[in-house]
Every structure is written in structure tokens, then in C-alpha cells.
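Peer 1: All chains, please: the whole structure from these sequences, using the hints.
Line by line, the protein sequences give chains E and D. Quick note: the first sequence uses our numbering, first residue 1, plus one each step. Quick note: the second sequence uses our numbering, first residue 390, plus one each step.
Don't take each hint at face value.
[Unchecked claim] Listed below are the simulated PhoX-like cross-link pairs for lysine-lysine, each with C-alpha atoms no more than 25 angstroms apart in a straight line:
id, chain 1, residue 1, chain 2, residue 2
1, E, Lys286, E, Lys263
2, D, Lys648, E, Lys45
3, E, Lys134, E, Lys286
4, D, Lys522, E, Lys54
5, E, Lys37, E, Lys67
6, D, Lys526, D, Lys466
7, D, Lys648, D, Lys522
8, D, Lys397, D, Lys466
9, E, Lys54, D, Lys631
10, E, Lys67, E, Lys45
11, E, Lys54, E, Lys37
12, E, Lys286, D, Lys466
13, D, Lys466, E, Lys54
14, D, Lys658, D, Lys648
15, E, Lys134, E, Lys64
16, D, Lys526, D, Lys658
17, D, Lys658, E, Lys263
18, E, Lys67, E, Lys54
19, E, Lys54, D, Lys397
20, D, Lys425, D, Lys522
21, D, Lys522, E, Lys45
22, E, Lys67, E, Lys134
23, D, Lys425, D, Lys658
24, E, Lys54, E, Lys64
25, E, Lys64, E, Lys45
26, E, Lys134, E, Lys45
27, E, Lys37, D, Lys522
28, D, Lys425, D, Lys648
29, E, Lys54, D, Lys425
30, E, Lys286, D, Lys547
31, E, Lys54, E, Lys134
[What the hints assert, rightly or not] Some chain D residues flagged as far from chain E (calculated, every beta-carbon gap over 10 angstroms):
id, residue
32, Val458
33, Trp566
34, Ala609
35, Asn634
36, Lys648
37, Asp675
38, Asn687
In short, the hints are calculated from the structure, not lab data. Positions of the beta carbon are idealized from the N, C-alpha and C atoms, including for glycine.
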Amino acid sequence: MPSAAPPTAGEPSKPRASPLPKDDPLRERILVCGWRKAGKSSCIKTVFQGVPTKDVPYFGVTQKIEKINYDTIIPLQIWDTPTNFELDQLDVPLGSFSTIVYVMDMQQEDMYPEIIARFVQIVVRAHFANPNMKFAIFIHKAEAMAQDYREDNYRQIQQTAEDELLDFPFHTIQNLAPSLNFSDPSVTNALANDLVGSIRYRITSAYEANLREAWSGVVQGVMEMLPSVEQLLLNFTANCGMDNSFLFDIASRVIVAADNRGKNDETLDQVTDYLSRFMQFRELYKNLHLEVDENGPNSADGDEEDKEEEEEEEEYEPEGWWDEEDPEIPWMTQATRLTPNTTLALWQFTPHLALVVLLRTATWEATRGMIEYNLTFLRQGVRRILMEV
Amino acid sequence: MSTTARKKVLLMGKSGSGKTSMRSVIFSNYSARDTKRLGATIDVEQSAVRFLGSLVLNLWDCGGQNNFVDNYLTAQKDTIFANVAVLIYVFDITSTEWEEDLRYFEDILTALRENSADAGVWILVNKMDLLDKEDPKRTRYEERRADVIRVDERIAQKSLGDGEDRGRLRCFPTSIWDESLYKAWSSVIHTLIPNIGLITSHLTYLRDVCLAVEAVVFEAETFLVIAKSGSPLDSPPSEFDKQENRGGASVLDPQRFEKISEIIKGFRKTCQRTGEQFLGFESKFDECTVVLEPMTRNTFILIVSVDPRVETALMQYNIVNAQIHLSEFAGKIVLDRKCGLCRNNKELRYDAPGDLDPSVRAWDDPGPYG
Numbered sequence: 001m002p003s004a005a006p007p008t009a010g011e012p013s014k015p016r017a018s019p020l021p022k023d024d025p026l027r028e029r030i031l032v033c034g035w036r037k038a039g040k041s042s043c044i045k046t047v048f049q050g051v052p053t054k055d056v057p058y059f060g061v062t063q064k065i066e067k068i069n070y071d072t073i074i075p076l077q078i079w080d081t082p083t084n085f086e087l088d089q090l091d092v093p094l095g096s097f098s099t100i101v102y103v104m105d106m107q108q109e110d111m112y113p114e115i116i117a118r119f120v121q122i123v124v125r126a127h128f129a130n131p132n133m134k135f136a137i138f139i140h141k142a143e144a145m146a147q148d149y150r151e152d153n154y155r156q157i158q159q160t161a162e163d164e165l166l167d168f169p170f171h172t173i174q175n176l177a178p179s180l181n182f183s184d185p186s187v188t189n190a191l192a193n194d195l196v197g198s199i200r201y202r203i204t205s206a207y208e209a210n211l212r213e214a215w216s217g218v219v220q221g222v223m224e225m226l227p228s229v230e231q232l233l234l235n236f237t238a239n240c241g242m243d244n245s246f247l248f249d250i251a252s253r254v255i256v257a258a259d260n261r262g263k264n265d266e267t268l269d270q271v272t273d274y275l276s277r278f279m280q281f282r283e284l285y286k287n288l289h290l291e292v293d294e295n296g297p298n299s300a301d302g303d304e305e306d307k308e309e310e311e312e313e314e315e316y317e318p319e320g321w322w323d324e325e326d327p328e329i330p331w332m333t334q335a336t337r338l339t340p341n342t343t344l345a346l347w348q349f350t351p352h353l354a355l356v357v358l359l360r361t362a363t364w365e366a367t368r369g370m371i372e373y374n375l376t377f378l379r380q381g382v383r384r385i386l387m388e389v
Numbered sequence: 390m391s392t393t394a395r396k397k398v399l400l401m402g403k404s405g406s407g408k409t410s411m412r413s414v415i416f417s418n419y420s421a422r423d424t425k426r427l428g429a430t431i432d433v434e435q436s437a438v439r440f441l442g443s444l445v446l447n448l449w450d451c452g453g454q455n456n457f458v459d460n461y462l463t464a465q466k467d468t469i470f471a472n473v474a475v476l477i478y479v480f481d482i483t484s485t486e487w488e489e490d491l492r493y494f495e496d497i498l499t500a501l502r503e504n505s506a507d508a509g510v511w512i513l514v515n516k517m518d519l520l521d522k523e524d525p526k527r528t529r530y531e532e533r534r535a536d537v538i539r540v541d542e543r544i545a546q547k548s549l550g551d552g553e554d555r556g557r558l559r560c561f562p563t564s565i566w567d568e569s570l571y572k573a574w575s576s577v578i579h580t581l582i583p584n585i586g587l588i589t590s591h592l593t594y595l596r597d598v599c600l601a602v603e604a605v606v607f608e609a610e611t612f613l614v615i616a617k618s619g620s621p622l623d624s625p626p627s628e629f630d631k632q633e634n635r636g637g638a639s640v641l642d643p644q645r646f647e648k649i650s651e652i653i654k655g656f657r658k659t660c661q662r663t664g665e666q667f668l669g670f671e672s673k674f675d676e677c678t679v680v681l682e683p684m685t686r687n688t689f690i691l692i693v694s695v696d697p698r699v700e701t702a703l704m705q706y707n708i709v710n711a712q713i714h715l716s717e718f719a720g721k722i723v724l725d726r727k728c729g730l731c732r733n734n735k736e737l738r739y740d741a742p743g744d745l746d747p748s749v750r751a752w753d754d755p756g757p758y759g
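Peer 2: Below you can see the structure in the form of C-alpha cells.
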């Protein structure tokens with residue numbers, strides 16, 4: 001599958017052109033559907049199309065199915081559906097999707113039973129279209145709720161969905177699976193339990209990092225190479241004495257792989273915000289470049305020797321490591337120090353991916369050279385995996 | 390020997406125009422969303438904000454309900470309007486009682502001119518975000534601005550002739566939801582800082598040593614921009630100096646400093662949740678090499694270079710070497726570090742030990758390699 005390899009490295013700031021034809025079957029298809037005004041478009045646009053959250057209240061009603069192609073660690077095609085969408089309106093087989101994301105409004109508490117009943121219908125149908133189908137519920141618009149309410153509602157939704165599935169009248173859809181005997185309760189129970197296990201519930205809000213975390217779960221769910229990448233990150237993080245490492249898709253700030261040790265919400269919020277703030281900062285200066293000086297050699301000659309002298313006194317900066325590997329590309333690097341003792345650091349891996357690590361400042365200062373040395377291998381490893389897929 | 394300049398800043402405007410909201414965003418690390426929690430200000434809330442060690446802003450946040458304002462103009466007139474350095478008057482662009490708003494403003498400006506003729510006046514037309522959707526060209530703002538300037542001129546004519554020492558009036562459109570607020574407040578702060586020329590010349594020197602495009606100083610708490618190297622803040626590209634042109638600074642967003650203020654303050658807020666504080670960063674991206682580091686106790690410095698020879702460590706080294714001298718500007722009138730830039734500056738008394746002794750190196754001495 002050569003076309004699934006990462007697009008060749010180029011100017012990282014260029015808009016991502018789609019290397020795949022629009023309806024390439026290699027794209028992992030994700031279907032986003034849900035109750036009207038649940039926030040389907042806001043879930044997609046704020047993450048994958050860079051729409052600022054302050055525009056969320058002004059989104060109109062989606063009129064027709066929109067397909068959004070997005071190239072990250074793997075190429076995705078996300079289908080946004082209109083309010084009155086029915087599964088029968090799809091012009092491709094339902095089985096060609098790998099994941100269904102069902103968006104619901106957490107604030108519509110009085111509607112939970114109807115909303116969930118509809119979801120369960122979709123789950124059952126989709127399961128017979130593609131037995132490997134993955135399901136995620138985004139319990140959206142959580143920003144208006146206090147933490148306690150969120151958890152109550154979350155449990156209520158989860159419980160309702162499970163009950164619905166266990167009580168589902170499977171005998172009415174016997175035609176979808178002629179080989180199974182739905183009048184046998186043991187068959188239907190096993191099936192219902194299977195389905196219950198295939199659903200992931202996520203509390204989300206367009207204004208919080210949890211929406212990206214939810215998408216991260218979806219993207220990771222369709223990544224075949226996830227275990228290998230995770231293992232690499234885990235080895236790297238452990239060997240370098242770091243706290244955590246996260247492989248981000250830069251533009252959407254979705255985590256595509258992480259070392260998964262001691263994750264917590266605050267850390268995720270922090271690294272996600274760190275990445276987005278830094279990208280905003282970069283935006284301000286990225287167009288700067290040295291004008292060619294017409295007056296011959298550099299006018300600041302006097303300072304030059306001074307500078308070289310000072311440089312020798314300083315710790316050697318091994319940023320040159322991968323510049324040697326590919327001299328055309330200026331890979332981004334960044335390190336931010338926080339008190340009392342944390343450092344956040346970032347390295348770009350491919351035009352779409354960047355690694356963000358969290359470590360003790362003392363570790364960073366003492367072993368920076370080693371970390372950056374190891375990093376070159378990690379980076380090569382990740383790129384190799386991507387090329388193999 | 391240390392001196393502290395105290396400057397009185399009046400924050401006035403009709404009730405609900407957003408005075409306390411902007412004060413909270415700028416000085417108390419509120420996010421725009423947090424300001425929903427604020428209630429009406431009763432009477433006058435005074436607060437003191439220390440800037441750069443040597444400058445203290447006495448901020449008088451004056452509640453804007455009519456009965457308070459009437460009181461300011463009568464019983465409290467002498468207390469409120471005496472010795473004012475700056476009046477910041479906030480209008481609400483969405484207000485439906487513009488005539489009345491203007492009348493109040495005229496009364497207040499008259500009282501100010503009677504008591505503190507040389508005070509600078511900043512007009513902030515706030516809540517611009519609410520109107521931008523329907524009025525993208527900002528014609529309403531331009532009308533409001535013209536009205537305000539007319540009022541100012543009328544008062545100037547009425548007063549006793551010599552408008553010589555009358556403080557300037559400046560007008561800014563603002564919104565707490567974007568960087569325009571930082572822009573307006575930086576402009577206020579910028580005029581109040583002593584030694585600004587000195588800070589600028591040192592920054593320019595530091596920038597050149599680092600082969601950088603720009604070196605910019607921000608205040609540590611508010612992250613308002615204080616000074617930058619080379620051409621003055623808000624210069625058009627035609628006034629850029631050689632080093633700025635060499636780095637291609639004309640492509641840069643003129644609003645970048647306000648955006649940086651917003652970015653860093655936002656990130657600081659995120660860090661608070663984990664009980665941490667932002668200390669500084671270094672970075673390389675595209676053609677840029679950038680460091681943002683604490684400069685003195687009250688300031689941060691940002692240096693941006695596009696010279697491929699420059700490493701972040703070089704910049705950090707130069708910053709460390711500049712720190713001691715630049716922190717002198719904060720607390721002292723008489724500087725005691727040898728420095729050619731300071732020696733030729735007329736704004737301050739310079740009395741560096743060993744000034745005549747060639748073996749003592751000056752701060753800006755390029756050294757044996759220069």
C-alpha cells in the first residue's frame with residue numbers, strides 16, 4: 001500500500017494537500033451522525049478544519065453529507081451528516097466505514113431515551129454490515145455542566161445504552177443475519193454483550209481538550225500500527241527518564257499515540273494547550289527569512305567572531321543531528337521550562353506529526369544530548385513504521 | 390538609591406462598559422470567559438500595580454453608575470481628578486444612549502482638564518466583538534471616534550487659551566476577546582515608563598550582538614509589551630532599520646506583540662491548573678531561532694533571529710550577560726555599570742566606577758574579539 005505512506009517531507013507549513021484521490025478506498029472512513037443540533041459539525045470542524053471555537057455558535061445546519069479528507073498518521077475520511085440523515089441515504093456500503101461516531105447533546109437530558117434508542121438501532125445495523133465496526137458516543141456540549149453532573153449523566157447514558165442493547169428485539173432483524181438464530185436467548189445475549197463492549201463513551205466539549213482526546217481514541221482505534229508505535233514511545237520515554245511522551249498530529253492537535261503511562265486530564269490539557277499556543281506563536285514569525293544582503297558580505301562582521309567564540313563556550317547543541325540526515329528540512333524544535341521543575345519539549349517528526357514530551361527540568365539539563373541522540377532513532381523508527389504500513 | 394514613580398490612572402466610563410473586565414484580564418490573569426463572574430463596581434476600587442520595579446500604577450477603577458459619576462463631578466471632584474497621569478475612558482460600542490454617554494464624557498473630561506491639564510487621555514471603545522459581524526468596516530467606530538475628538542477639541546477651546554500642555558487624546562477599538570485590548574493597554578503603559586529610550590537603545594545593541602531581527606521586552610505579570618529594538622513600536626515598514634530589513638521584518642504581523650501577550654497569558658493560565666509557572670522557552674522553527682527568557686525580575690525578553698549561525702544558547706548567553714546591567718534601570722537613578730550607551734544618554738546621571746579606567750570592561754564593550 002504505497003499510497004498510505006506518509007507524504008514525503010516538505011515545507012512543514014504548506015497546507016496539507018491530499019495525496020489520495022477523493023474516494024480512495026484506502027482512506028479509513030469515519031461516519032459521524034447524531035441527533036439534530038447535537039454538535040456534529042462543531043466536533044469535526046474545530047478539530048480537523050481549524051475553525052476557531054468562538055465561531056461554534058454561528059454554525060448553520062448541515063444540509064447534505066460532507067466528506068472531509070484528512071491526512072495524518074493514516075489518511076482519514078470523515079463524513080459529516082445532516083440533521084435528517086438515515087443510514088439508507090449513504091451512497092457507499094455501510095460496511096465500508098470502520099468507525100461510527102454518534103454525537104449527542106449532554107444537555108438534552110429529557111431526550112436521552114429517544115436519542116439512545118436511535119443510536120442502538122444504528123449500532124445493530126452497522127454491526128451486521130461490518131462486524132469489526134467500532135462505535136464511539138461523543139456526549140457533547142459538556143461545557144455547561146459541572147463535573148458531578150457530567151459524571152451522573154455519563155453513567156445514565158451508558159446504562160441506558162446497555163439496557164437498550166440487552167433488550168433489543170433482535171428477532172425483528174433476522175433477515176440481516178440469516179445464519180444466527182435470534183429466537184435463542186443465549187445467541188442474542190452474547191451478541192448484545194459483544195456490542196456493549198464495542199462502544200466507547202466520551203464526554204466532549206468544543207471548548208475543552210477532551211474533544212481532541214475523544215478523537216484521539218477514534219483515530220487510534222483504526223491505526224493498525226498503534227502497538228508498535230506505542231512500544232517505541234514507551235521504550236524511549238523509559239530509557240530517557242521522561243515522564244510522558246505524546247505523538248501529536250500537529251494541525252488537529254489530536255494525539256495519535258502516547259506512552260500511556262500515568263495519563264491524567266491535567267497533563268493532557270497542558271500538552272495540548274502547549275502545542276496549540278506554540279503553533280500560534282510560530283504563525284507570527286514563520287514567514288521571516290534572511291534577505292540577501294546586496295552590500296556583499298554580512299555587515300555584522302564585527303560581531304561574528306565574537307559570536308563564534310561564545311558559541312564554543314556553550315554546550316554543544318545537537319539540533320544538527322537530523323539536519324545532517326535531511327538538510328533540506330528545518331525541523332521544528334521547542335523546549336519550554338516551567339517552575340518548579342518541569343520541561344515541555346517538542347520535536348517535529350514528519351510534516352504532520354510532532355512528538356511532545358514532559359520531563360523533569362533537571363533530567364533535561366543533564367541529559368539533553370543523550371535525549372536528542374535517542375530521539376533520532378525514535379524518529380527514524382516512527383518514520384519506518386509509517387512507511388511500512 | 391531607589392526611586393519609585395507613582396502614576397495615577399483613572400479608569401472611567403458608563404456602568405457596564407467593561408472597565409473592571411478589562412482590568413481583570415490585563416492585571417489579574419482572568420480569561421475573557423471568567424469576566425462573566427464580575428459584578429458592578431461600587432464607588433471607586435483602588436489597586437496598585439508595580440511595573441518594572443520603579444513604576445507603580447495607582448489604578449482607580451471608578452464605578453460607572455450615574456449617581457457615582459455625579460458624585461465624582463461634585464463632592465469628590467478634587468480627590469478624583471487631581472494629579473492624574475492618565476485617564477482611560479471606556480465606551481460601549483453597543484450603547485444605545487450615545488448622546489448621553491458623550492455628555493457624561495464631556496463633563497468628566499472638563500473636570501480632568503481643570504485639575505490635571507497634562508494628563509494623557511485614552512479612549513477605549515469596547516465590546517467591538519459584538520458589532521464586528523454586522524459592521525465589518527467599523528464605520529460605527531469611526532463615527533464614535535470623530536464625536537469624541539470633537540468633544541476634546543471643544544473643551545480645549547473653552548479652556549484658557551494655551552492648549553500647549555494639554556495631554557494627548559488617543560482612541561482605540563477594543564475587545565476583551567482578542568489582542569486589541571493588549572494593544573490599547575500597552576500604549577498606555579508605554580508612555581508612563583521612565584528611561585524608555587535607554588531601554589530601547591540597549592535592546593537594539595543586544596539584538597545586534599545576537600544577529601537577531603528583533604529583541605522585545607514584555608512586562609512579566611501582564612505580558613504587555615514595553616519596548617522593542619530598532620524602530621519604535623508601531624512603525625511602518627518604511628521606518629525599519631537596517632537589521633530589521635535584513636531579517637525581512639516587513640512580513641511580520643504588526644499586531645504580533647499583542648498576540649504574544651495573549652498566547653503567553655493563556656498558556657500561563659493552563660499551567661496554573663497543574664500548579665506550575667511558565668519560565669521561558671527556546672525554539673527553532675522554519676528559519677527562526679527564538680528564545681523567550683526572564684530578563685529582570687519584572688520583565689521577559691524575546692529575541693528572534695533568522696541568521697542560520699545563531700543558536701539558542703548564544704542568545705541565552707547574551708541575555709545572561711545583559712541581565713545585571715538592564716536590571717539597574719529599574720531601581721536606580723545613578724547607574725554604576727560602565728556602559729557606553731548610558732554614558733551618552735542625557736536622561737540619567739551616570740557615575741560608573743572605573744569609567745576612565747580602560748581595564749574595566751564596559752557593558753557594551755565588544756571585547757578583544759570586537
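Peer 1: Taking the hints in turn, state whether each one holds.
Peer 2: For each hint, the structure was consulted:
| no. | hint | in the structure |
| --- | --- | --- |
| 1 | Lys286/E to Lys263/E | 32 angstroms, violated |
| 2 | Lys648/D to Lys45/E | 23 angstroms, holds |
| 3 | Lys134/E to Lys286/E | 39 angstroms, violated |
| 4 | Lys522/D to Lys54/E | 12 angstroms, holds |
| 5 | Lys37/E to Lys67/E | 19 angstroms, holds |
| 6 | Lys526/D to Lys466/D | 39 angstroms, violated |
| 7 | Lys648/D to Lys522/D | 21 angstroms, holds |
| 8 | Lys397/D to Lys466/D | 15 angstroms, holds |
| 9 | Lys54/E to Lys631/D | 40 angstroms, violated |
| 10 | Lys67/E to Lys45/E | 12 angstroms, holds |
| 11 | Lys54/E to Lys37/E | 17 angstroms, holds |
| 12 | Lys286/E to Lys466/D | 52 angstroms, violated |
| 13 | Lys466/D to Lys54/E | 42 angstroms, violated |
| 14 | Lys658/D to Lys648/D | 15 angstroms, holds |
| 15 | Lys134/E to Lys64/E | 24 angstroms, holds |
| 16 | Lys526/D to Lys658/D | 33 angstroms, violated |
| 17 | Lys658/D to Lys263/E | 20 angstroms, holds |
| 18 | Lys67/E to Lys54/E | 23 angstroms, holds |
| 19 | Lys54/E to Lys397/D | 36 angstroms, violated |
| 20 | Lys425/D to Lys522/D | 21 angstroms, holds |
| 21 | Lys522/D to Lys45/E | 20 angstroms, holds |
| 22 | Lys67/E to Lys134/E | 19 angstroms, holds |
| 23 | Lys425/D to Lys658/D | 17 angstroms, holds |
| 24 | Lys54/E to Lys64/E | 24 angstroms, holds |
| 25 | Lys64/E to Lys45/E | 15 angstroms, holds |
| 26 | Lys134/E to Lys45/E | 21 angstroms, holds |
| 27 | Lys37/E to Lys522/D | 22 angstroms, holds |
| 28 | Lys425/D to Lys648/D | 22 angstroms, holds |
| 29 | Lys54/E to Lys425/D | 16 angstroms, holds |
| 30 | Lys286/E to Lys547/D | 52 angstroms, violated |
| 31 | Lys54/E to Lys134/E | 31 angstroms, violated |
| 32 | Val458 | 33 angstroms, holds |
| 33 | Trp566 | 7 angstroms, violated |
| 34 | Ala609 | 13 angstroms, holds |
| 35 | Asn634 | 6 angstroms, violated |
| 36 | Lys648 | 6 angstroms, violated |
| 37 | Asp675 | 5 angstroms, violated |
| 38 | Asn687 | 16 angstroms, holds |
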